[in-house]
Amino acid sequence: MNMAVRTPDPKKMIKGATGDWEVIIGLEVHAQVTSNAKLFSGASAVFGAEPNMHVSLVDAAMPGMLPVINEECVAQAIRTGLGLKAAINLYSVFDRKNYFYPDLPQGYQISQYKQPIVGEGKVLLDMPEGVVEIGIERLHLEQDAGKSIHDQHPTMSFVDLNRSGVALMEIVSKPDLRSSEEVKAYLAKLRTILRYLGTCDGNMEEGSMRADINVSVRKPGEPLGTRCEIKNVNSMRFAAQAVEYEARRQIGIIEDGGEIDQETRLYDPGKGETRSMRSKEEAHDYRYFPDPDLLPLELDPAWVKSLEADLPELPDEKKARFVADYGITPYDAMVLTLERASADYYEQVAKSRDGKAVANFMINELFGRLNKDGKGIETSPVSPAQLGAIVDLIGDGTISGKIAKDLFEIVYTEGGDPKALVEERGLKQVTDTGAIEKAVDEVIAANPDKAEQAKAKPTLSGWFVGQVMKATGGKANPQAVNDLVKRKLGIE
Amino acid sequence: MTDLTALTLAEARDALKAKTFTAVELTDAYIAAMEKARVLNAYVAETPDKACDMAKASDARIAAGKAGALEGLPLGIKDLYATKGVHTQACSHILDGFKPTYESTVSANLWADGAVMLGKLNMDEFAMGSSNETSHYGAVINPWRRNGSDVNLVPGGSSGGSAAAVAARLCLGATATDTGGSIRQPAAFTGTTGIKPTYGRCSRWGLVAFASSLDQAGPIARDVRDAAILLKSMASVDLKDTTSVDMPVPDYEAAIGKSVKGLRIGIPKEYRLDGMPAEIDALWQKGIDILREAGAEIVNISLPHTKYALPAYYIVAPAEASSNLARYDGVRYGLRVPGSDIVDMYENTRAAGFGAEVKRRILIGTYVLSAGYYDAYYLRAQKVRTLIKRDFETVYAEGVDAILTPATPSAAFGIGEKADADPVEMYLNDVFTVTVNMAGLPGLAVPAGLSAEGLPLGLQLIGRPFDEETLFTLGAAIEKAVGTFSPAKWW
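Chains A and B supply the protein sequences, listed in that same order. 55 is the number that full-length UniProt numbering gives to position 55 of the first sequence; each next residue is one higher, with no gaps. 213 is the number that full-length UniProt numbering gives to position 213 of the second sequence; each next residue is one higher, with no gaps.
No lab work stands behind these hints: they were computed from the structure. Please note that the accuracy of each hint is not assured.
To be verified - Derived pair list, reagent style DSBU-like, types lysine-lysine, alpha-carbon separation capped at 30 Å:
1) B/Lys389 - A/Lys114
2) B/Lys56 - A/Lys305
3) A/Lys475 - A/Lys486
For clarity, every value in this text was computed on a predicted model and none was experimentally measured.
Bound conformation, chain A alone (with noise of 0.2 Å):
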């Protein structure tokens, strides 16, 4: 275990009544593969099927049947771990870890415990602060469960193994997250990175990331504390709302002089607490030893190295890209990244266009309403073509801003093609300069005391510019207004 790796930074402290404490924060995220079928068994694993429809023989463990490894699954492991630039382990095991429960058919479950499939890798995250680089300390591939149904019945429980069997990546971080933003951030750049592999859907509401967090505090420099186990968390704001309870309850027991029990807890978002579910002594003893039906995993170099040179841009490297070839921000490069298909779609407008305005456009006003609707870019209204002919419109002047604005929410609702849209509704901006002269003339004429202390102070100049832009209903070319104005007050 890597102890300090960061230097301690008393931004991320928490208070408490003794001094700083820092938070020692380290995620198992379990991901589930994006495959057609499950990992042993060729039933489907896709997800929202009638309970027990999609259960092979090997999925309900009847006598006889032996597991089968699914190559789709062990290419997504490879492709994720490359993602994380880890290193691919050429010879992996499967393992049985051992338990009863009645949605585990089995009685074990088929994971990899002393030789995972993928080693040491790491995730950048971008933070106020800047980069902060956590750790991977491996990724392996184990079976999901099946799901047990407590509502149905007074007396029994139902099972429903759709899920029994299905693939998934366990990603486990190095204990290097020190704050429940950072904890935020990396299961969001996690799951920028899965999706981007197409690895994994990264839905936390399906249940396909969910996160095992565990966290310890220590006064800064002090070796590690004891830590607590938050099991199956399924969003990023439960994550955080987690990690800061956890941490204070563990300060408040260290600091009345109490002693914190290894154990594993819940967080219930009701309540906005954890609590215990059980303690080290109530662990299990899964007794892990090598599957014997299956043969160790033995990779080919030069499979590994086809699904490398098959990998897609990831977000990092777009970022940097983006800022490099649009001369964006890093913060609006990383914004416009933080989706396959936002970069695409950015992409396709920003390609023979300013870099700049459309990525304004894009985070301001195409992000700002579909977040409004809950819409994902994939089911944008407005098309990249519509987006990037409302860009060019304001370009070259045929409208202003706020016109844009106007325009694209016409666009969004109605659909059409903007530049038609600007002919028809007469939305085009007024750059005749004799108009734009007149409504001035008029404006000032109408208002000669403010002429008078505009031309004292010029900044009042800013009202009589509003003022045409009334006149002209928004109309009217910003600039030419601007200009205008000020040469009518004399002001320049």
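Since chain A is already given, all that's left is putting chain B on it; use the hints.
This is chain B only, laid out in the frame that chain A set:
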């Protein structure tokens, strides 16, 4: 008509081909024999209707000139094999009423070649036992008795039903499985021939698992030729079992009658046990003499880690079993004994469903895998296993073609004689056979004579990986010298 059940599988095959009699006639003869032999308790489920249907279909295929390699030949299937819609319980109470919706790959291979299923054969529960006394369906009685005695003897185990049925002519041949000697020891106790092929030669798909890294399917048959014919049909690569091996299946029957001249036969000194009965020693010497006279070269070899094989086996096999048997939890199929909550239901079900020997092995297996003991037991046993494997690799690398040993340390014993004794005494039955499973090698048990009391005794031939052919050649040479053995019918 003469008794059709007196024919070997090869003879019956040729007679069917020559249309001397029909598959239905042959099957009827076996169904009649089974009915008369129920006292032996070899079958736990008879499927005469299915057998008749299959035999009729075989006759149709024979008439159409589309006969398979085993067309119309009635076989018994060990209860460990999943047979679609038919009783499949590994002779355990915990699988009460279980009838799979699927067919094991090995039995499917047999049916694809035209074989006829007579029923499911008794066995030790989950293949755990060396006497067939742990079956939920009661002990199998060996058709052999000591001279002038009416004491019932065990047929060996775990494939005791298979061995007894073949010896008593209640089927032409039987499927069996071997995890530590479960084909070879009962074959030796009943004067039949059994082969455990190389690990990976037959698919394990649809075989109720005992110890996955050791389990292997194989036949028990009247003679060496019959075993060769059956193995040819049983063996195959199977995409559903990734431990099965993709190698062509040779024509094993062609190996029979080949000269053994020049073959180097290793005689391992470690198999000469203290206190071994003189007649076992004498039998071994007889085998050596037969092969030498037939032209084989006899060499003394050493397999130094042999003495660790049995203890290591009784760690590895129970460890895997403890995990493999976790699925019998009362939730989805088989027995369920209700309880106040889920844990109570598990405990009630498994307490009632498993017999004493199975429970003992689950406990041993759970213990050796548990935190703090894993390294000392399981890991160490795996290291021993590697050393045992290396012992064999070394002698094979030095030019040894096969190894000759006794199959068992004694002849068949009486029912109940060892059941109540120290379980380790029962485990000692496997002392000559477990090394072969630990190393994943092929092993053939062939009858070589009778004891002073008139009971069959067997020799074991151990081969190189996937060299079952040499074992059939050598086994046939021994058989040619000593003949075959049948029990006097008393049932």
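Any hints from earlier that this structure breaks? Give me their numbers in increasing order, please.
Per hint list: single violation, 2.
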